[in-house]
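Engineer: Construct the entire structure; sequences and hints are all you get.
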Amino acid sequence: MPHYIGVIIDDRRMEKIKGTPLEREIKDMFGGALKMIAVPVPEDKSKEILKAFDKARIDSRGYIEDIPIALRRAVFEEMVKNKSLNIIDKVLARLPEIQEAAKKEDEFIPPPEVE
Amino acid sequence: MPMLRMPPPHGGRLVDRVVKNKNRAEKIAAGCPRFELKATLDPKGVPIRHVYREIMSICYGFFSPLEGSMVRDELERVLKERRLLSEWIFPFPILFDVSEDDYKALGVKEGDRLLLTLKGQPFATLDIEEIYRIDPKDVAVRTFGTPEKNPEVVRQPFDDKHPGYLIYRCHQPVIFAGKYTIINEPKFKEPYDRFWFPPAKCRDVIKNVKKWRTVIAHQTRNVPHVGHEMLMKCAAFTGDIEPCSGILVNAIIGAKRRGDYPDEAILEGHEAVNKYGYIKPERHIVTMTLWDMRYGNPIESLLHGIIRQNLGCTHHMFGRDHAAVGEYYDMYATQILWSKGIPSFGFDAPPHEVDYGLKILPQNMGEFWYCPKCGEIAYSETCGHSKERQKFSGSFIRGLVSEGIYPPNVIFRPEVYKVIVKWWKVYGYPFVNNKYLKLKAQELEVDVPKLELPKG
Chain P
1272 MPHYIGVIID DRRMEKIKGT PLEREIKDMF GGALKMIAVP VPEDKSKEIL KAFDKARIDS
1332 RGYIEDIPIA LRRAVFEEMV KNKSLNIIDK VLARLPEIQE AAKKEDEFIP PPEVE
Chain D
42 MPMLRMPPPH GGRLVDRVVK NKNRAEKIAA GCPRFELKAT LDPKGVPIRH VYREIMSICY
102 GFFSPLEGSM VRDELERVLK ERRLLSEWIF PFPILFDVSE DDYKALGVKE GDRLLLTLKG
162 QPFATLDIEE IYRIDPKDVA VRTFGTPEKN PEVVRQPFDD KHPGYLIYRC HQPVIFAGKY
222 TIINEPKFKE PYDRFWFPPA KCRDVIKNVK KWRTVIAHQT RNVPHVGHEM LMKCAAFTGD
282 IEPCSGILVN AIIGAKRRGD YPDEAILEGH EAVNKYGYIK PERHIVTMTL WDMRYGNPIE
342 SLLHGIIRQN LGCTHHMFGR DHAAVGEYYD MYATQILWSK GIPSFGFDAP PHEVDYGLKI
402 LPQNMGEFWY CPKCGEIAYS ETCGHSKERQ KFSGSFIRGL VSEGIYPPNV IFRPEVYKVI
462 VKWWKVYGYP FVNNKYLKLK AQELEVDVPK LELPKG
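Residue numbers (the numbering used here), protein chains in the order written: chain P, 1272 to 1386; chain D, 42 to 497.
The set of hints was computed from the structure by calculation and includes no laboratory data.
All of these numbers come straight from a predicted model, not from anything done at the bench.
Keep in mind that the hints are not guaranteed to be accurate.
[What the hints assert, rightly or not] A few chain D residues that face chain P, going by a derived Cβ cut-off under 7 Å, partial list only:
| no. | residue |
| --- | --- |
| 1 | Q431 |
| 2 | S443 |
| 3 | I446 |
Note that the Cβ used here is the ideal one computed from N, Cα and C, for glycine as well.
Structural biologist: Now the structure itself:
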């Protein structure tokens, strides 16, 4: 059974996938208050992700959570580049770079500007 | 159904071991050998506990009837039956632990009084009744149980990834047992000062200010999302002839696991729920207890019952995975304890149905999710669309927050989210990380006033 990485699609991300086949993959969450694309991750690849990031875990919905922001960003970037959800191998090829970025995330994450 | 009233404190009376008279304090502590309290560190040097929090919770009565660090027989009784030597239920070992080196340097013996200093100032005394040694790993294993000995609820062996297990595993081996007395009251810093309602004061506020007859307690170590808010609102329909008059949020303040929210955000997040009317302040109060959370699910729920009964609550809500981390316990372990007991932990019946047990009443709750078909937040035991459910997954929400995505109203109230961002800006991080734990262990929630003690 595959697991999933959920990528939230906000307005900025929506701009980048508008008109592509990815648009059809968007699911509504919480009554349409959030939009998300669930990227399937075969079980052997999800094991690789859990091994690479010690805080990562599979939640009760089968989603891989507590993963670095850098990993989620890489998933989105590869989705856009390849216009497909079949991109986990490409993401895993970037693991060293993602792990490096993730280390910095343990210390500092820039806060958003909120009115 | 009889009308419920505020239950008595656990053990019959509230412990009050805080000396407010300066002359008396000086007499108690003069000439005692001094020991500066320090944080318990994990193997990587990260602070995971500070014993001052236990001393505060004991002396101000949160842990009544416990009055100090446990003697060996009491420790054994707690580990075997979760009872004090006085018979009253108590779940966790509470120990004043020092290293062999510190023990040697202090040169104290049974019968001595030790002055405990905090931030360099006299804070409390410990009357040493007994000195003994523990095997910290053995205490850690027996505190939380094993799949072999506690098959009803323990699903996997505990290890260093479990923050509570790690706290006991990292205890020092020499134990000084005896009663604590606070001789110099610490002063809480902002924002903690607004939420400090020790049991005697809390009971007074409930009776005379809020004028609540029944109160349901909500345990929290989280900034409240809307699922938590619904849990509070719906659980509060419990009561007797009418729903509970009040909801008492009691946040556990202390070192937490990485990924939880900073304490300040937890407290102010809950405060925002009543400040902005999502639950009106006439029916809601936010309080705190100092304790480095052990994440002990059913075992932790016993301590929660004790604390909240001492605070004056008539009911306690318990959800799925109560005070849990990982999958060490059955996700319903706490609800099993409070509905039929866990014999291997010493409970043939629920803790409120045994002698010397608790008087607070449990309200075991299912979970709340968003149901797209109902178009609303629904209760798991009511909503028939479990396939369509969208859960308030804590890890999903953490992911959303850390990506800086503004969460919709159906997940976080905007005012609550702003609290998260406020403290994120202070610490450069939205969650507990090693940097926060180190800073917290250094700064603590309190300052200790200067106090000169006469020599000898």
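Engineer: Does each hint fit the structure? Answer for all of them.
Structural biologist: Hint by hint, here is what the structure shows:
no. : hint : result
1   : Q431 : holds, 6 Å
2   : S443 : holds, 6 Å
3   : I446 : holds, 5 Å
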